[in-house]
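For the protein sequence lines, the chains are B and H, in the order given. Here the working numbering is used: the first residue of the first sequence is -2, the next is one more, and so on. Here the working numbering is used: the first residue of the second sequence is 3, the next is one more, and so on.
Incorrect hints may appear among the rest.
[Stated by the list, open to error] Beta-carbon label-pair distances, calculated as ranges:
#1 B:T110 <-> H:Q16: 38 to 44 Å
#2 B:R19 <-> H:G56: 16 to 22 Å
#3 H:N24 <-> B:A35: 34 to 40 Å
#4 H:S112 <-> B:E49: 40 to 46 Å
#5 H:K107 <-> B:P59: 22 to 28 Å
#6 B:Q14 <-> H:D41: 37 to 43 Å
#7 H:T78 <-> B:L8: 39 to 45 Å
#8 B:T17 <-> H:G97: 39 to 45 Å
#9 B:N74 <-> H:G43: 45 to 51 Å
[To be verified] Away from chain B, derived, C-beta distances all over 10 Å, residues of chain H:
#10 P10
#11 R14
#12 S20
#13 E47
[Claimed, not checked] Derived, one-sided and incomplete: chain H residues facing chain B with beta-carbon distance under 8 Å:
#14 S30
#15 L32
#16 R33
#17 F36
#18 R39
#19 Y53
#20 F74
#21 A86
#22 S100
#23 Y101
#24 Q102
#25 F105
#26 G106
#27 G108
Honestly, the hints are just simulated from the structure, not real lab data. Quick reminder that beta carbons are idealized off the backbone N, C-alpha and C, glycines included.
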Amino acid sequence: ETGVTQSPTHLIKTRGQQVTLRCSSQSGHNTVSWYQQALGQGPQFIFQYYREEENGRGNFPPRFSGLQFPNYSSELNVNALELDDSALYLCASSLGTVGYEQYFGPGTRLTVT
Amino acid sequence: EDQVTQSPEALRLQEGESSSLNCSYTVSGLRGLFWYRQDPGKGPEFLFTLYSAGEEKEKERLKATLTKKESFLHITAPKPEDSATYLCAVQAYSGAGSYQLTFGKGTKLSVIP
């Protein structure tokens, strides 16, 4: 059974640019959640997708957007990058939206200069 | 607003010295409390889910317990390989039909040989 995978592993972008991060969910999982984790902090919820529809959003501006595809893989897009967007971005998949444990990928380390 | 507080922030133990990590929470309508382990630069690894007060789960040297206001992660006779950051997260209703996972900042555990 393949776990959650994310790409790329690392990337460096310039302020004002746009970035797309990708996530493949664990086999059989229909729900994907995205998190931002700053150094020394716990992960912060960005949004969740369930069967291709957004199903909840945290306190992040609209320049953070996402997609989920029919195979339940997902993308996180961030426009107009700011220095504070530098963080580890984590994707997690689960069997459903309530009460199910979420399994995390290895993360994408984004650095904005 | 849902809140999750973990203590202590950091803990140093001698190998074999048992201890407990605390996670206190204030949420309405808890749907699950989750414990994760995170190694530096990696995604969180799922450990336990607890759903109701009085519930306990065990795995090797770890035991998680839950009351109505807090959870404990007990570590018995820890080994150096138990060194990691331990994260606690609660899932509760966040509005518009969605349930959000809120994380604490974690406890960084170091086990000295």
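Right, here's what the structure says about each hint:
| no. | hint | verdict |
| --- | --- | --- |
| 1 | B:T110 <-> H:Q16: 38 to 44 Å | holds (42 Å) |
| 2 | B:R19 <-> H:G56: 16 to 22 Å | violated (41 Å) |
| 3 | H:N24 <-> B:A35: 34 to 40 Å | violated (23 Å) |
| 4 | H:S112 <-> B:E49: 40 to 46 Å | holds (43 Å) |
| 5 | H:K107 <-> B:P59: 22 to 28 Å | holds (27 Å) |
| 6 | B:Q14 <-> H:D41: 37 to 43 Å | violated (30 Å) |
| 7 | H:T78 <-> B:L8: 39 to 45 Å | holds (41 Å) |
| 8 | B:T17 <-> H:G97: 39 to 45 Å | violated (28 Å) |
| 9 | B:N74 <-> H:G43: 45 to 51 Å | violated (24 Å) |
| 10 | P10 | holds (14 Å) |
| 11 | R14 | holds (17 Å) |
| 12 | S20 | holds (25 Å) |
| 13 | E47 | violated (7 Å) |
| 14 | S30 | violated (14 Å) |
| 15 | L32 | violated (10 Å) |
| 16 | R33 | holds (5 Å) |
| 17 | F36 | holds (6 Å) |
| 18 | R39 | violated (11 Å) |
| 19 | Y53 | holds (7 Å) |
| 20 | F74 | violated (18 Å) |
| 21 | A86 | violated (14 Å) |
| 22 | S100 | holds (3 Å) |
| 23 | Y101 | holds (5 Å) |
| 24 | Q102 | holds (5 Å) |
| 25 | F105 | holds (3 Å) |
| 26 | G106 | holds (5 Å) |
| 27 | G108 | holds (6 Å) |
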